[in-house]
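> Sequence:
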Amino acid sequence: MSTLSSMIKMIVLAYVLVILFPINVIDAKIGVTWGRISSTQLVPSMVVDLLLQNKVEEARIFNDDDSVIEAFGGSNIGLSIGVSNPKDVNSSTTAIDFIQDKIAAYPSTKIRYVVIGSMPALSTAKYLNEPFDNVVKAIKFMQEALNESGYGEKIKAVITNSFSGVLKPNITKPSDAEFLDDLKEPITEILDVYKQNDSPFLIDFFPIAYINAYNIEPNYVFFDNKSSYVIHDNGFIYTNLFEFVHDSFLSALCKLGANKTKIVVSQIGWPTDGFPGANVVAAERFYKGLLPFSLSNKGTPLRPGRPIDIYVHSLTDEKQNPAGIPFTRHWGIFMSNGEPKYNIDLSGQGRDEIFPNMAKGINRMPSRWCVYNADGKDTEKVMKEFTFACANADCTSLAPGGSCSMLNFRENVSYAFNMYFQYHFQNESMCKFDGLGQVVVENPSRNGCVFPVETVKGNKRNKQLAAAYGNKRLHVDAALFLVLISIFLVLF
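Following the UniProt record's numbering, the numbering of the sequence shown begins with 1 at its first residue and continues without gaps.
In short, the hints are calculated from the structure, not lab data.
Positions of the beta carbon are idealized from the N, C-alpha and C atoms, including for glycine.
Please note that the accuracy of each hint is not assured.
Stated by the list, open to error - Beta-carbon label-pair distances, calculated as ranges:
hint : residue 1 : residue 2 : range
1    : E70       : E217      : 40 to 48 Å
2    : K154      : S45       : 51 to 59 Å
3    : E153      : T239      : 34 to 42 Å
4    : R351      : Q196      : 51 to 59 Å
To be verified - Here are the simulated BS3-like pairs of lysine-lysine, each with C-alpha atoms no more than 30 Å apart in a straight line:
hint : residue 1 : residue 2
5    : K341      : K184
6    : K184      : K226
7    : K226      : K137
8    : K168      : K260
9    : K154      : K173
10   : K87       : K154
11   : K195      : K87
12   : K173      : K102
13   : K87       : K55
14   : K260      : K184
15   : K360      : K384
16   : K195      : K29
17   : K154      : K195
18   : K55       : K341
19   : K87       : K168
20   : K360      : K173
21   : K377      : K341
22   : K260      : K140
23   : K140      : K87
24   : K137      : K55
25   : K298      : K377
26   : K110      : K226
27   : K184      : K154
Start from the sequences and build out the full structure, keeping to the hints where you can.
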């Protein structure tokens, strides 16, 4: 009984602390992330122009590419940059070297955050098998170096955090939330640095992934009050997933004494393909609610009256993201040719029929496609060529729930062939497929499935990017291979 009483007192005290000691309120900002894991990329100066056209005040990249940092110079856009591997900041010297090379060298670029790793708590626990202490040390070294170099007031060293990566499982209401036991001590150390430097706590949040993982009623992830699902928690009412997740993190922070720490949503988005519900209609609906909400003074039940900084993920699709989760290649607001996919008011005013301004100076390749031209009798040969094409290009639109998931046999093969053909900038030798391919000028797109045409050859850096992110992009992973097999089992 005494243990239960202590827990109740702790929860009540956490909520009281939030109300009595609020954070300072300033205007929130809407930013956009720019992931660059793609065979072709928009030129950095083109991206800066695109963001300025659409009045986007903040941007985030996931590495420290000099050409990008330089391009943002003089734009007055706040830029967050990344250190991919926390071990790269393992001393005061390496931190100072980074600051000299990436910050001091570009005085006209308005650096906002230096993000250490990518959701490192999740990565160190499940993938890299490295101690989280490396992350803690990197944060301390970087922030100390920023302070000593005179940048600490405006630039903060931070990490990003995911719901499943740092919080205990089986959370049914925000007041349940607390950090995993083995992370409480290192997270507390990081929070001490944050409190001393007025740094925010960053969270990455992808609502579509929660629908299946947590068996959530789909409408609950939107903001238009069409869901009958409601969560009650000690007098607070949660009518959408965003508020639930935000306040779960806030509750966990309060239990570690970080009740005044600001929360910034460093990635949030809705994909447009590769999964049931991943489409432009749903994306438009999601952002129409999210963006005005983030800038409003509504706040959340546990932190009312405060706008919330968010970074929309992402500017463009990343067609070389790992294919095992198909929708992760389709986060982009814009297509590869710089055209917007749907209405989205990046000003946060929630206006209808607002298409973002498109990127300037982009030209498409000629209207040519590669299609399957055989009778399909040699299924082993077709399977081999189909698998090869999808191993080296993007076939995630064929995944269950994707925009091209209802194609027939010939169309499936044609789609794969064309993606490989376009990936190689319409080089006709890349449409042979052992005699199964043919270049045509009649558009094979149908039934909502677009057979794309690549943009004119430009900033192609896939090999360097793959190395930077530590992923071998040109291999079929197990999950994608199962998708391919399932398609062919159905079609033959």
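> Are there hints from earlier that the structure breaks, and if so, what are their numbers?
Violated hints: 2, 4, 5, 6, 7, 9, 12, 13, 15, 20, 21, 24, 25, 26; rest satisfied.
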